[in-house]
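Engineer: As given, the protein sequences belong to chains A and B, one line each in that order.
Per this note's numbering, the very first residue in the first sequence carries number 1; after that it's consecutive.
Per this note's numbering, the very first residue in the second sequence carries number 1001; after that it's consecutive.
Each hint should be verified, as a subset may be incorrect.
What the hints assert, rightly or not - Under the rule of at most 20 Å between Cα atoms (straight-line distance), these lysine to any residue pairs were calculated in the SDA-like manner: (1) A:293 with B:1064; (2) A:296 with B:1039; (3) B:1236 with B:1026; (4) B:1119 with A:289; (5) B:1236 with B:1037; (6) B:1131 with A:398; (7) A:293 with B:1007; (8) A:296 with B:1136; (9) B:1119 with B:1007; (10) B:1131 with A:289; (11) B:1236 with B:1007; (12) B:1186 with B:1371; (13) B:1131 with A:292; (14) B:1008 with B:1232; (15) A:293 with B:1132; (16) B:1186 with B:1071.
Stated by the list, open to error - Label pairs and their in silico Cβ distance ranges: (17) A:287 with B:1233: 57 to 63 Å; (18) A:307 with B:1065: 30 to 36 Å; (19) B:1194 with A:11: 52 to 58 Å; (20) A:330 with B:1024: 48 to 54 Å; (21) A:33 with B:1129: 26 to 32 Å; (22) B:1024 with A:205: 36 to 42 Å; (23) B:1237 with A:301: 52 to 58 Å.
What the hints assert, rightly or not - Per the computed footprint, the stretches of chain B lying under chain A, defined by three or more beta-carbons under 8 Å from a beta-carbon of chain A, are: (24) 1113-1127; (25) 1131-1138.
No wet-lab data here; the hints were simulated from the structure.
Virtual Cβ for every residue (Gly too), placed ideally from N, Cα, C.
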Amino acid sequence: MAVEAGRDALRRQPRTDLNSLAFATGRPSFADLPGASIVAGALHLRPDIRILDIGRSQRAGVGGLLSMLHGASGAGLFVVSDNPAGKPASLQEMAYGAGAAAFTVGAGEVIAELLGSASLVSPFVDQFRANDSKYGYVWEERWVRDEGLAKIVPEAVRAALREAAVEAGAVRRFIFGSPLRDAAQFVARKCGVPADAVANPLDERCGYAGTAHSCLMLAHCLETAQPGDLLVVVGFGLGCDVLVLRATDAILAFKPRRGVSGALTDALEDDCYLRMLSFDSAIDLEWGMRAEKQVKTALTEQFRSSSQLATFSAGRCPRCGTVQFPQLVYCVNQECRAPSGDFGSTSLADEPAQLFTYTADWLSYYPSPPMYVGFVDFDIGARVLMEIVDVGTTGLEVGTPLKMAYRIKDVDHARGYPRYFWKATPVKLPG
Amino acid sequence: MATGIKDKVAIIGMGCTQFGERWDVGTPELLAEAFDEALHDAGIERGQIDAAWCGSALDSVNVGNSAIPASIALRLDGIPVSRMENMCATGTEVLRGAAYAVASGAVDIALAIGAEKLKDTGYGGLPTPYKGTLNDLWMPLVSAPAGFAQLAAGYGSKHRIPKELLKRAIAHVSWKSHQNGALSPKAHLRKPVTMEQILNAPMIAEPLGLFDCCGVSDGAAAAIVTTPEIARALGKKDLVTIKALQLSISSGVESTTRGWDGSYVPNTRAAAKRAYREAGITDPRRELSLMEVHDCFSITELVTMEDLFVSGDGLAVSEVLDGFFDRGGTGVPCQVDGGLKCFGHPIAASGLRMAYEIYSQLQGRAGARQLPNPSIGLTHNLGGVPYLGVAAVAILGLCR
């Protein structure tokens, strides 16, 4: 999700300009490996980029963005991604979703400028997740709302507005992601912010995306913001962080290719509760003996091939022009066979492609059966056998236009190691 | 200019086990069952064998690496024994090794044997093999049916064949083989099935249903080869000689470039051309008496009819439905013994099992399946998947 959000944010900007990347999440893939480094690799950012992982905090999202806005020197990228888990049959399970948002930060022609901010620490524990625990523990909602949100947030909002030298009544968008339904409405009233400024909580089509949620809402608001609009963004957890932003004239030219709206429009609806439990590892299904196959990653090989695999880099033979993935020792063209030393790097991640052959495999172990697989033909000439995902119920056809998505390819459950690669997905999702 | 091995090597003995779910035996016993029959058929002693090639493809469920397990099982003392693995072409590869040893003059008599014990996995179907450390990082880990099912999409798309028509044609492929398999005592699956059963079977990998997939069995097969001169000196009549043994392996063109249209298997075509050249065959449709091809999946057999240049491009669907390849039809009988469809596919045994049927037919020993006066037959294996594979074509015939 972080990579996909980052790709969307970087469509208009040269990636080589970025000199810092911060990645925030409540659910890191590893206890120690920097997720920002994995994201930077997949986004093909400069290898000398300064990275920072922000996590272990409900405030990683808004707090991380605030730190990045204050601390970045030059152009930077901030990505927040989260997938909070709710225990089966809990209120959290009903309310929670998943999502990621990415923002480029820096000086120059920005689409929104930081006018002011405020932070507050508080001993108010409304919910917590223990170390090594998958699910959180949540106190009564009314107490959280009345004693926590309604008292802590307004104090910080007032301080931030004061620093920004703007009135609460002038706020155009009040952005406060909360798992409590209508909490933002309640808090906005306490702050003196107009009721119609309360931002769409995205609870209908997305659900509460944990520490990413306020940032996700901010990204959504920026899609439609007008020059001069004031946006207040709140992140909560043992206190809170508040940002006051103002959209600039450059916002008029801002059109994300996909954005939050595009991601919501692309939704594939699925009402199978069992599948949701399975995807969330909330139920231990019998997968059969085929699932016993070891998917241990040779870390040596992963490193050797990382320049090709992370960014989906094909090579272009300088002698015959054939674009090929993977790059092996000699050119694949029967008439050429040139050594691959100077094939360069041509990322297939954003290249137009179509489905050439396909099938739905019901036999192989696959966490989301069936496994759709087929040859993907890229307009620039490469052909790659790939998994095709998010197919929906109408299936595939030869010639279906495809785009690329960075996904988990396999999870080595024995060693707890996920490996990532690119998969293809239909450009126009059915339904 | 190489002259090939046509008529330089004769098969003097063959053996083939009962194929099926051989819960009663392990790989050593399967090897011995095929070996004993081949020795008896050849009329020679174990000690007359100068060298042996033993095939096994999946060591995790078989006997393990190297030639040692086979040498121990067959008590092959002090002679060169090689272990061979080349996916589904393994059975033909061991024959090639033994034949080349004889043709070169390095040995007088050589053994080719292949065995696979697939029913020790604990589940149906083939295990998914590892593809190497690099490929495992990016390549989808698809099942065999998923690899071959894509041929249907490519073939149907190129020749604009409606899905329903293609489904019916490949169903006929399986129907015909089940009819034939009912006459094969050593086959695993010996019950005829109806077109309705085939068409309505559960889906495995679209459009391949259960009956579009071959069985999964245990089995072994063996051949003993020597020169025609030694064969005659041993008193052999109706000599069956090797006319051609050829292979072609993917070099990545199909799977990495857009030069392949997905409707055929380039390796089969390359191996067939080489084999016809070696055997001196110019019109396979008229010259071949019978074929045993790699019907791992029904779509594979259908496409193979074109890849072996027996059917013209795009014509296999109508010829299959017209019964051109049926036993007793007007054309070239295919899978007279029931094929992989009914024997199942103990991987390293299949190539030799096919040769066993050709050999039996040529010698007039095929019992209820016997064709009238066959003189030349072809075997074909296709290992891996259509776009990343190993194709083998062998041609056996009576030595005139």
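Engineer: The structure should be examined with respect to each hint, and the outcome stated for every one.
Structural biologist: Verification of the supplied hints:
no., hint, verdict
1, A:293 with B:1064, "18 Å, holds"
2, A:296 with B:1039, "45 Å, violated"
3, B:1236 with B:1026, "33 Å, violated"
4, B:1119 with A:289, "13 Å, holds"
5, B:1236 with B:1037, "16 Å, holds"
6, B:1131 with A:398, "26 Å, violated"
7, A:293 with B:1007, "46 Å, violated"
8, A:296 with B:1136, "9 Å, holds"
9, B:1119 with B:1007, "38 Å, violated"
10, B:1131 with A:289, "19 Å, holds"
11, B:1236 with B:1007, "15 Å, holds"
12, B:1186 with B:1371, "18 Å, holds"
13, B:1131 with A:292, "16 Å, holds"
14, B:1008 with B:1232, "13 Å, holds"
15, A:293 with B:1132, "14 Å, holds"
16, B:1186 with B:1071, "25 Å, violated"
17, A:287 with B:1233: 57 to 63 Å, "60 Å, holds"
18, A:307 with B:1065: 30 to 36 Å, "33 Å, holds"
19, B:1194 with A:11: 52 to 58 Å, "57 Å, holds"
20, A:330 with B:1024: 48 to 54 Å, "49 Å, holds"
21, A:33 with B:1129: 26 to 32 Å, "30 Å, holds"
22, B:1024 with A:205: 36 to 42 Å, "60 Å, violated"
23, B:1237 with A:301: 52 to 58 Å, "57 Å, holds"
24, 1113-1127, "holds (count 5)"
25, 1131-1138, "holds (count 5)"
Against the hints set out earlier in the document, violations occur for numbers 2, 3, 6, 7, 9, 16, 22.
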